[in-house]
Amino acid sequence: MLRTIVKKEIQNNLYSFRFLVSFAMLLVIVSVTVFILTSDYLKKIDEYSQRQTEIENYMKNYAHFNRVQNVLGATQPPIPFYSLVRGLSSDVNLGEFDDDPLPVMFPLIDLAFIVTILMSLIALIFSYDSVCGEKEDGTLKLMLSNGFSRSKIIAGKIAGGVLTLFIPFLVSLAVGLLMIALHPSVAWKGADWGGLGLIMAGAVLYVGFFYCLGVFISSRHQASSASIMTSLFAWVLLILVVPNLSPYIASFISPTPSRIKIDRETSRMMDTERDDLGRKLSGERLQELIKKYPVLAENFSEAEAKEKLAKDPAFREAYEARTKEVQAAWDEANRIQGEKVDRIWKEVNRKESAQTRLASSLSMVSPLSDFTYLATDLSSTGIQNELHFGRLSEAWQRAFWDYARNRIAALQKKDPAKDWWNTPVDMSDRPRFRFTEEGLGGRVKSALPDFAVLIAFGFLVFICAYFSFIRYDVR
Amino acid sequence: MTWTIAQKEIVSNLVSYKFFVVLLLTIVLVLTSFFIMHRDFKNRLSDYQVIRPKPGDPIALLPPNPLSIMAKGLDEALARSYEISPIGITVRAGQKSGNIIFSLFPAPDFLYVVRVVLSLVALLFGFDQVSQEKEKGTLKLMLSNGLSRSKILLGKWIGNFLSLSVPFLLVTLLGVAFLSLDPDIHFSSEQTLRFFLILFLTLVYITFFLSLGILISTLTKRAASSIVILLFIWALLVFVIPNLGTLLARQIVNVPSVRALSEKRQQVWTREVLFSQGEGSKLADHLRTIGDENDRLDENYRGKFNRLVNLSKNINRLSPAASFVYAVTDIAGTGISEENSLKREVVRYKDSIIQDMISTVVSNSKIKEYPAFGYNYRSLSSVFAQGALFDSAWLIFFNILFFALSYFAFVKYDVR
Chain S
24 MLRTIVKKEI QNNLYSFRFL VSFAMLLVIV SVTVFILTSD YLKKIDEYSQ
74 RQTEIENYMK NYAHFNRVQN VLGATQPPIP FYSLVRGLSS DVNLGEFDDD
124 PLPVMFPLID LAFIVTILMS LIALIFSYDS VCGEKEDGTL KLMLSNGFSR
174 SKIIAGKIAG GVLTLFIPFL VSLAVGLLMI ALHPSVAWKG ADWGGLGLIM
224 AGAVLYVGFF YCLGVFISSR HQASSASIMT SLFAWVLLIL VVPNLSPYIA
274 SFISPTPSRI KIDRETSRMM DTERDDLGRK LSGERLQELI KKYPVLAENF
324 SEAEAKEKLA KDPAFREAYE ARTKEVQAAW DEANRIQGEK VDRIWKEVNR
374 KESAQTRLAS SLSMVSPLSD FTYLATDLSS TGIQNELHFG RLSEAWQRAF
424 WDYARNRIAA LQKKDPAKDW WNTPVDMSDR PRFRFTEEGL GGRVKSALPD
474 FAVLIAFGFL VFICAYFSFI RYDVR
Chain Y
-18 MTWTIAQKEI VSNLVSYKFF VVLLLTIVLV LTSFFIMHRD FKNRLSDYQV
32 IRPKPGDPIA LLPPNPLSIM AKGLDEALAR SYEISPIGIT VRAGQKSGNI
82 IFSLFPAPDF LYVVRVVLSL VALLFGFDQV SQEKEKGTLK LMLSNGLSRS
132 KILLGKWIGN FLSLSVPFLL VTLLGVAFLS LDPDIHFSSE QTLRFFLILF
182 LTLVYITFFL SLGILISTLT KRAASSIVIL LFIWALLVFV IPNLGTLLAR
232 QIVNVPSVRA LSEKRQQVWT REVLFSQGEG SKLADHLRTI GDENDRLDEN
282 YRGKFNRLVN LSKNINRLSP AASFVYAVTD IAGTGISEEN SLKREVVRYK
332 DSIIQDMIST VVSNSKIKEY PAFGYNYRSL SSVFAQGALF DSAWLIFFNI
382 LFFALSYFAF VKYDVR
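Residue numbers (the working numbering), protein chains in the order written: chain S, 24 to 498; chain Y, -18 to 397.
Treat the hints as calculated values from the structure; they're not laboratory data. Just so you know, even glycine gets a beta-carbon here, dropped at the ideal spot from N, CA and C. Treat the hints with care, as some may be off.
Computed list of chain Y residues with no C-beta within reach of chain S, every gap over 10 Å [claimed, not checked]: (1) W(-16); (2) S84; (3) V239; (4) D279.
Stretch-level coverage of chain Y by chain S, calculated; a stretch enters the list once three of its residues show a Cβ under 8 Å from a Cβ in chain S [what the hints assert, rightly or not]: (5) 116 to 126; (6) 175 to 184; (7) 253 to 264; (8) 339 to 352.
This is chain S alone, in the form it adopts within the complex (with noise of 0.2 Å):
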């Protein structure tokens, strides 16, 4: 029976203008996006190698360790997903004078953009009238004069709704994703195809949870025209209003200092600050072993005190020592000016961190925000990947210096007289940056909040939809 339900409504949405409508704007939009994006992908392949090349050319001729954290930071390569999904990867960067505002004015279209906007509209454009349409059609008293039960209609009417909604959707999918398995420069791996299914299923919920709403609007409605205005209504609330205010909001109950403030509260801390403190505890330092070695006291050129150190074993001594003494007073300066600097970024961090979780769970409440944090975690382009970049990078940060720590000693143990600092050195054996993505399972586990909202939000949703038709009034 509940078969039969299924297929007369798979069937009658096959032949409907909307079935058609939707089909060809889809097969479009998703061709036309998952071809661009890949093309987007390689050029930033293209553009992340002679960027590559161009730091080992730096580093080549002029790497030298006072500045080379200028040049060395940890960069995120572009990922195999970016054919399909873009979450936070734009370029905006507000912190560079040369910035690129476009994204602020128009986003980036991709996979998650075309379900949360376009299939949830889809949705609820073949749902609004499922009930009430039929209603005024006259079948719904036919079928149930015919002794089927309501919860088989409802269910089959839900289940045969959703079913014909991803034939549009999955079969525009199969000719982007034919675009990118023929691609010979995009190499998905296994853990990438497993992410997309898993986006996927997240998709079906998502899709059926609007499918579900449009079907409980309609059986609170007597004429489809209501309906659809309700069901837009309730469309624009959660896509387009919910997720917007969110973050504004958060920003009002859980407000951060300004960041240009601290920037240069903290530049100044490690720059003219930092020099100072070095400047004093250096001096300090030097009093105390001139009484030690009195020939410190002395003035000597860069020329004299290498010919001295070359001759003289006592010298050596005393050079090596004030060498040692000065290096741990500027030591000691950007320890404690890095850990006050630390301590008051930490603590902005930890401010923007509780704003930023609060805004995401206020935006929870639309679904499009848990299938969009969904999305982006399993593609390794949202929130939890830069948190990710953010371990990663630390990691690598700590490697380099004790990387450089270690260097320095060895070429002040060579050459005490040269400031080893401000010199070129042959950097080629250093620790270097590689980026890998998270494991399927880390960002499966990021996911699960969303997916278990998303089930609880298509469930209540489908109950509410299920009682109303059962007292629905047919007549």
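Position chain Y relative to chain S; hints supplied.
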């Protein structure tokens, strides 16, 4: 006679469920948007008070623009702090960069509400104008009473335009009245003019969607088909074309990424500072080299980026939603061209003081006080000359075209 039809339309709208839903949506969204964006503006204003440069600081910093409450656009980028040092311009971004959720969803300003929601609402007013009257049989009745088709169409258009725009304008004015209660928000007479221009363009924009709704309604036999087609066209015009157009333009114009450029700048800077520590080298020469190289990189990027902006604008203009965004942000002073103009001024400011800064650093003399940075937003005439006039005319053209098309379609419409 036209007025009678318009009155009939208004009365039938007033008692409809559609009108109730639309009114509720408009009131809630417009007022929420004003409230939220006003709070956001106040937060940014108090931030500005904290970080504003002291006299003599070589810093270019604009206060937030009150019109950004309506059209935020790039105000966040415009109100960044541009700090000049002997090696060039350092930019510090506002606090929004700390919360990633901001970059996931667009700002819910008045512009967004109009562009996305009001356009949908206008379609809902237009979608069943002809097809539903045909389904009900009232169209036949009207025509059999000797009414001319052009009068019917015009009456419908006027009636629906008034039912849509009067509540919307009232709610908007209520929002503006709420803003005017705040003593921190001053609209100069020019800004008030800009506000009314934005309001005018808003009306032009929503009437485009009303005309489009009526056109599709005259091309379809059933209101149900009309709404399906319209929702798809709406999604295409409001979301798909502008978002895809920018990406498409990027495939045609090769612009280096911000990251690539920033890496190049760092390489130049660190290399020259290293060289400056060599024996016999002059710091001033190296600082000048850094400045020159940065200027060259910037000029190269600006040229390419402007080409990208122009191309993406031209592609996106296929959609009136994009033209509307460009025109409104330009008039509000929060558009891409305004950011470009500000950057030119910042570079000019840097050029005027950098030599002085370099000699101060080289001679180790006391830090000087520099003249303050001044910036005047582009005047309305230059805003219009540089694109807003085209976008406004383009919107009006779309309007006339779709109204004319709906007229011809309606004249040939089979009412049986």
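Status of each hint after checking the structure:
1. W(-16): The claim holds: W(-16)/Y sits with its nearest Cβ about 26 Å from chain S, beyond 10 Å.
2. S84: violated, 6 Å
3. V239: Since the minimum Cβ distance to chain S is about 4 Å, V239/Y lies within 10 Å and the statement is violated.
4. D279: violated, 6 Å
5. 116 to 126: violated (count 0)
6. 175 to 184: Contact hint for the region 175 to 184 of chain Y vs chain S: violated, 0 residues under 8 Å.
7. 253 to 264: holds (count 3)
8. 339 to 352: violated (count 0)
Of the hints listed earlier, those the structure fails to meet are numbers 2, 3, 4, 5, 6, 8, in rising order.
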